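If you want the building blocks of each chain, they are given just below.
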Amino acid sequence: MTHATSNQAARDAAHPQPSAGRRRFLKAAAAAGASAALPLLSGRALAASHLSGRHMVHTTWGGVYRDAQVAAYCDPFSAATGAEVIQGGPMNAAKLSAMLKSGKPIWDVVDVVDVSLAVDSRKGYFEKIDTAVVNMSEIEAEYVHDYGVANIVWSYNIGYNTDAFPTGRHPRSWADVFDVAKFPGKRTLRDRVFPSLEHALLADGVKMQDLYPLDVDRAFAKLDTIKDDLILWKSNSESQQLFGDGVVGCGLILNGRAFDSHKKGAPVAIEWNQNIRSVDYYVIPKGAPNADVAMQFMTHVTRAENQARMANRLAYAPTNLDAFAMIDEEVKPWLSTHPDNAARGILISIDYWRDNLEALTKRWTEWKLS
Amino acid sequence: MPSTVIRDRRAWLVAPALALLLAAFVYPVFWLLLRSASDPVWGFHNYATALSEAIYLKVLWNTVAISGATTIFCLLFGYPMAYTMVHAGPAARRILIYIVLIPFWTSILVRTFAWLVLLQPKGLINDILLGIGLIARPLELIYNRTGVLIGMVQILLPFMVFPLFSVLSRIDGSYMKAAANLGAPPLPAFFRVYLPLSLPGVFTGCMLVFIISLGYFITPALLGGRRDIMVAQLIQEQIDQFGDWGLSAALAMILLAGTALIFTLAHKVFGVKPAIRA
Chain A
150 MTHATSNQAA RDAAHPQPSA GRRRFLKAAA AAGASAALPL LSGRALAASH
200 LSGRHMVHTT WGGVYRDAQV AAYCDPFSAA TGAEVIQGGP MNAAKLSAML
250 KSGKPIWDVV DVVDVSLAVD SRKGYFEKID TAVVNMSEIE AEYVHDYGVA
300 NIVWSYNIGY NTDAFPTGRH PRSWADVFDV AKFPGKRTLR DRVFPSLEHA
350 LLADGVKMQD LYPLDVDRAF AKLDTIKDDL ILWKSNSESQ QLFGDGVVGC
400 GLILNGRAFD SHKKGAPVAI EWNQNIRSVD YYVIPKGAPN ADVAMQFMTH
450 VTRAENQARM ANRLAYAPTN LDAFAMIDEE VKPWLSTHPD NAARGILISI
500 DYWRDNLEAL TKRWTEWKLS
Chain B
14 MPSTVIRDRR AWLVAPALAL LLAAFVYPVF WLLLRSASDP VWGFHNYATA
64 LSEAIYLKVL WNTVAISGAT TIFCLLFGYP MAYTMVHAGP AARRILIYIV
114 LIPFWTSILV RTFAWLVLLQ PKGLINDILL GIGLIARPLE LIYNRTGVLI
164 GMVQILLPFM VFPLFSVLSR IDGSYMKAAA NLGAPPLPAF FRVYLPLSLP
214 GVFTGCMLVF IISLGYFITP ALLGGRRDIM VAQLIQEQID QFGDWGLSAA
264 LAMILLAGTA LIFTLAHKVF GVKPAIRA
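Protein sequence lines, in the order shown, are assigned to chains A and B.
If you number the first sequence the way this note's numbering does, the last residue is 519 and the count never jumps.
If you number the second sequence the way this note's numbering does, the last residue is 291 and the count never jumps.
Same shape as in the complex, but just chain A:
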């Protein structure tokens, strides 16, 4: 899984003369990469609080997600390097975009979803990830991006209310979710064009690997068939309420939200067949005042032990699969990058959505109004 040797060579070629400090840090990073089980202690000893007196602003989405990231990434980073992590935000797409346009960001590290990364990195808004500092070989290849470090993976799953459809007699495919006769009652999708079109096409019999580029007309025609039985959710908490209160019998829910409902005792379960994975990336806005500190923070995001902390707290799946060795057994089945679950789904195409999001969002609104 790790390609330490070839990567090391590539790094040396790209950066032939690293400074003494950087060389020492590289050694620490390489050591940590070689053995995921290696405790933080060695990193701390080697890095020897070389960033004390420095700080960076970490901005992410609110609530429990931020708390988990602080515990999983920020605190271990501060402990290892002496850098202070200031919590900015909360993350707000409009605020970030205004900041990026102005070219004077005040956030050093920001959590963005994959489609935004694809759109904004093309505009040149983010710093390129310095692979001499960040050991990207630890990250599973399909989540590696030039301008972001994949922090968690989550997925769009078929969800169902177990009172309405007991497990075993539940909708097992998107074709089932779109089958109003077989599974009567209201169903739900997210009020966004992605990945609603993917869901419609899967329901219409398109194979997962043949989805992209999307057959848009076919997708909207399929959506028409459930128009009168459809409730659209706008926020994740709304989706939990719709499933938990039995307003809908089946439809779309995010795996992490289903896990949260399940833990709270709500009659909510998910199906892994035809799940669509999506990724949150940490990015460094171009011109961030503490970009160098932020780049070092990224190395701590790639580490298996930190990603395992994240998964154990919130059931968000690691991008460094070595983390599975440290993840609780009862959490594993809920994780999108667990090999059994990943095999039954696909990764969303951020390149497709980067090029089509704006036009298709307008078409989605048109469809809603029709």
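It is worth saying that the hints were derived from the structure and are not from the lab.
Nothing here was measured: the structure is a model prediction, and the numbers come from that model.
Check before you lean on any hint, since a few could be wrong.
[As the list claims (entries may be wrong)] Quick partial rundown of chain B residues pointing at chain A, CB under 10 Å, derived from the structure: (1) 134; (2) 144; (3) 185; (4) 235; (5) 239; (6) 257; (7) 258.
Even for Gly, the Cβ is constructed at its ideal location relative to N, Cα and C.
Guided by the hints, dock chain B onto chain A, whose structure is given.
Okay, now just chain B, sitting in the frame of chain A:
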């Protein structure tokens, strides 16, 4: 004229309010106007888009239709409420005022979520109606226009009740007595004497409710169905997802101009002066 205003020293009392208005209203509106005509390039293309494409026209129409219906329902519920408040005894009046005020002090978000709980198929209202056998299947009270109107009317009712209450309580009771003395039955007396006297309150209440409704965002988003998209939601989406300030600013300016137009027309057609005026 201006010199007399300036010579009057009390005029300076308006300076703080004027400064606030300049900073918090005139400047942002001017900035929006500028953005609407300059983002991404100079011209009226944003207005052309907003006023020619079916999607924006439909959403603008939705906004006016939802706001109009909210205003009518607020008037239908608010007028009898204000009338009762004026003619109740002091103790009952105080209770009625608090009945209007306490929800008014509660956050819109909280009230919208409360409606979510009450109106859903397995919510309290449907449970009670099913329980007493009044209905056989749950009523569809939410995720449609009905839900939007229930939520918005309840939230905006105080803006109708208070202007009406203030105008109705100033109507001299002897007019109605005079009408009765002259032989008018109660209903004609009400429509020909009382109602015309209360029109300034009706006008102010309707304008307040209508104008506030135009900018509504969270209630239609949470209680509405697929089609119940209002302009504010579209503006939010354009800015949040695409950073499209130009089109959003144009939509906001159209909303503002439309409001001003409706206000002026209503003023001219009905010939009533609002209870609050310059």
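Taking the hints in turn, this is what the structure says about them:
1. 134: Where the cut-off is 10 Å and the nearest Cβ of chain A is about 6 Å from residue 134 of chain B, the hint holds.
2. 144: 17 Å, violated
3. 185: Result: violated, 50 Å to nearest chain A Cβ.
4. 235: 7 Å, holds
5. 239: At 5 Å from the nearest chain A Cβ, residue 239 of chain B passes the 10 Å test, so the hint holds.
6. 257: 8 Å, holds
7. 258: With Cβ-Cβ at 9 Å, under 10 Å, it holds.
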